[in-house]
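Let chain A serve as the given structure and place chain B on it in line with the hints.
2 protein chains.
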Amino acid sequence: MALKNETYTELETLLKKAYAVQAAMAVIEWDNETAAPKEAGELTSEMVGRLSGVYYEIMAGDDMGKLLKTCEKKQESQKNGQKDGSKASEKNMEELIKVRMVEEAKKERELLTCVPQEEFEEYTKLTSAAGKTWAKAKEQSDFSIFAPTLKKIIDFRKKLASYRQKDGQTIYEVMLGEFEESFPENKLDEFFDIIRKELVPFLDEIKKSGKAVDNSFLKGGYSEEKQRELAVMIAEYIGFDFDRGVLSVSAHPFTTSFHNKDVRMTTHYDDWADHSLFSVIHEGGHALYELGIDDRLTQTLLGQGASMAMHESQSRFVENMIGRSEAFWVPIYGKVQKLFPKQLGNVSLKEFTAAINRVEPGLIRTNADELTYSLHIMIRYELEKALMEEKIEVEDLEKVWADKYEEYLGIRPENAAEGVLQDIHWSQGSFGYFPSYALGSAFAAQIYEHMKEEIDVDSLLKEGKIGEVTDYLKEHIHRFGRLKDSRQILRDTTGEDFNPHYYVKYLKEKYGKLYGVSI
Amino acid sequence: MALKNETYTELETLLKKAYAVQAAMAVIEWDNETAAPKEAGELTSEMVGRLSGVYYEIMAGDDMGKLLKTCEKKQESQKNGQKDGSKASEKNMEELIKVRMVEEAKKERELLTCVPQEEFEEYTKLTSAAGKTWAKAKEQSDFSIFAPTLKKIIDFRKKLASYRQKDGQTIYEVMLGEFEESFPENKLDEFFDIIRKELVPFLDEIKKSGKAVDNSFLKGGYSEEKQRELAVMIAEYIGFDFDRGVLSVSAHPFTTSFHNKDVRMTTHYDDWADHSLFSVIHEGGHALYELGIDDRLTQTLLGQGASMAMHESQSRFVENMIGRSEAFWVPIYGKVQKLFPKQLGNVSLKEFTAAINRVEPGLIRTNADELTYSLHIMIRYELEKALMEEKIEVEDLEKVWADKYEEYLGIRPENAAEGVLQDIHWSQGSFGYFPSYALGSAFAAQIYEHMKEEIDVDSLLKEGKIGEVTDYLKEHIHRFGRLKDSRQILRDTTGEDFNPHYYVKYLKEKYGKLYGVSI
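Protein chains in written order, with the numbering used here: chain A, 63 to 581; chain B, 63 to 581.
Chain A extracted, bound-state conformation (with noise of 0.2 Å):
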């Protein structure tokens, strides 16, 4: 007995709906940061809450929660009916959307009510004045002027959180599971305990190495407009389909997309040249992500990454698996040569994949290397951990920060500017979203390990082929979109549950060589 037709189409109307609503935020946020003038915040921040609001009364109204309800029993009889416990992924595709769908849309309407409405208006007030604090306090560097108010986010969060704490489950790991449902606390505990383990000392033996990597080349004399250029050609080299999607400049680098026919991202020019090349790679990951989710799923809640983690594996994998390998710059690093025939004119190919694989430990999160990134992650993951246990004060987060990267990175914050006040994540309430960087890279990891066991990855970059490998991560995951989960997804891919190990031997086995250190 399948589920009536026409009760589900309803809710996927209404779920279209919604969805238009949330899309049409998107594309203001879009131009917020990529063209909006500078006067414009504050009404456009009126007309976004008021959008909001539009939302919440669609996914919070009674049409949706009696048609939620109508499918769920419709769905619980038709399970019930079924002779086996036959799993989510033996079904027909069609079957699997109408189930995710109505799971997807039931966890976000408690995600929005489950919080008594005042409380969530005085939330957002609190956080949004918190960015202009934080700021100033960045500015000066004086952790005391952000400290009171980062103390009443948390115990706002807190609070929040305990609103959907299950039995069991720590005030974290509720605030984990917003971005990465499918690892409760342990597993990630696990995780950074390998990290912490593995990869501290590695960076020590780096260090001791003395081997140097010059990568002074990279900075001086590259042009906004040829910087340009070559964005434009990498962006369209990775697969990023012009005719579907847009690349602009915004202050910090980000992805955004509307539809699978309609997926933005930016970059920032500075000095060096790595640095808009990379964010173009980064972003074209998630990009190549929300291009390739498929037709039925797009313009719904399925339609978009299976995780904040997944979709950070995507883009981490493009950035690092695939854009800092040297097979990928074999096509194509004449090219860039031509375009820079004074700063790279006389470096070899070996030169300039060292030079954008250099380790060097640094104080700041965003302009770290591919291996101590996930250093800075754990730090910020176990201060997280201690706020929400109140194993540590907020008075004492500045000391302990400065003592962390002092402990694993071995250098010391001079001031909380470039220590506990450079990321703005905190000011927002955004505990728990940390991890999911580290958990991507770890995730990217993974899949290239299988990958590399179907298809000869280094030989297809050198041939160009690139477009074989972009493949494999829509076959295996970017068509799915929402319909899985992330572990789903690993198993189905790599056949095997989550394996940390996977990240740590990949990083050994390539900054080992890179620096000559035996693991």
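Just so you know, the hints here were simulated from the structure itself, not pulled from any lab data.
The model shown is predicted, which means the values in this text are computed figures rather than measured ones.
Since copy identity is lost for identical chains, a pair holds within one copy or between any two.
Here are the computed lysine-lysine pairs in the DSBU-like style, where the Cα-Cα straight-line distance is at most 30 Å:
| id | residue 1 | residue 2 |
| --- | --- | --- |
| 1 | 78 | 168 |
| 2 | 169 | 213 |
| 3 | 412 | 524 |
| 4 | 128 | 78 |
| 5 | 169 | 228 |
Below, chain B without anything else, positioned relative to chain A:
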């Protein structure tokens, strides 16, 4: 007894929500014209369709209905309680806003709900498909491809208008009222009669004068980069505030506004320097209107121009009365010459001013000069009226069009593409829209005549004090948004009702002088 504020506040909140959805559609439309990738169109249309459904639901919904009824009732009893029939303009601003807000909301609601939903959807499909048919017909210059569709559109359009037809109204008057409510059809008949009687023979005189005005130096070698520089300079000069606005590029120049802190305009660059230049000045006039709307009105139904024609009056005023006057160029022509020394270095200000005012009867409305423009509109008015009154058949339209061009402008289109197929409007079902263009010019002339009695426009322009001229417009027109209708604005600003003779006088004086024709 004033209207209870809570009910009114509720109404305004609901209206602002509707406005946010409408503004979101405007952002998407802007993005679509200036940034969106080629293949986005279809899915984005679906999205916009859903948003327009949301807008419909808010405006046509029960909540809105109840609030409007309550507000209206209270306003009624308030009116009855007043001693005399004191006019809206005598009430204080806030009370006036309330009254006008309810009026406009009712009108918008009626406009949305008077047509049965299915019919409206069918009509939308028809006009949406018609765009392609029209484009194909124009491309092949074959009216017979488009004629059957146009016939269907006209029949449908008449049917839709009939739902709102009041006693004694013609169908065409209903259509005209959608764009300029304060002008009944007989007023427009009078207006175009005067144009026909006065300007057609005047144009003949000019042609007979045999005076040739050279404008060849406005074409050739104007690089897009330099034109862009000029566009920004001129936009700034006329008072376009780049902190509250954006200038971009699109196929056809237009202006849009999300609120009075974010007004966007576009231009289009080609071989002729004056094309983009006067696009920017024209759109700049629209933009100044939107930027000048009072803070209290922005983001509400009253936060827009009083009517299409009044909006056009402001763009035409800035473009023609100001922008094509010699005085305007006195303080800045030197800078323009410096930007284009090769093209304009040896062109005197007098020659330049003559060139940008060159009269040349042509077949294409959008390329028309200031004098002949109104004749293009008059022809369309006559044809629309005759079509709606069933005095001509669609089948005969191509020939009648050509006959009229021959009669009034002395030139005959050689094919349908440069004749009846040149404008997109009818394919979109826009009947009654064209007259706004001519009416706007006539408003502008009347305002100009009166303004000159109050301030010395020419001297101010020569001294570079253009701000004092545009401030006058802001003070008398812009800030009121839709608080008053066009005729009220004309009366309040110029002390008399609409008087088309100012327009004829203005044109005859200006062009009589330029071409040495006595009037």
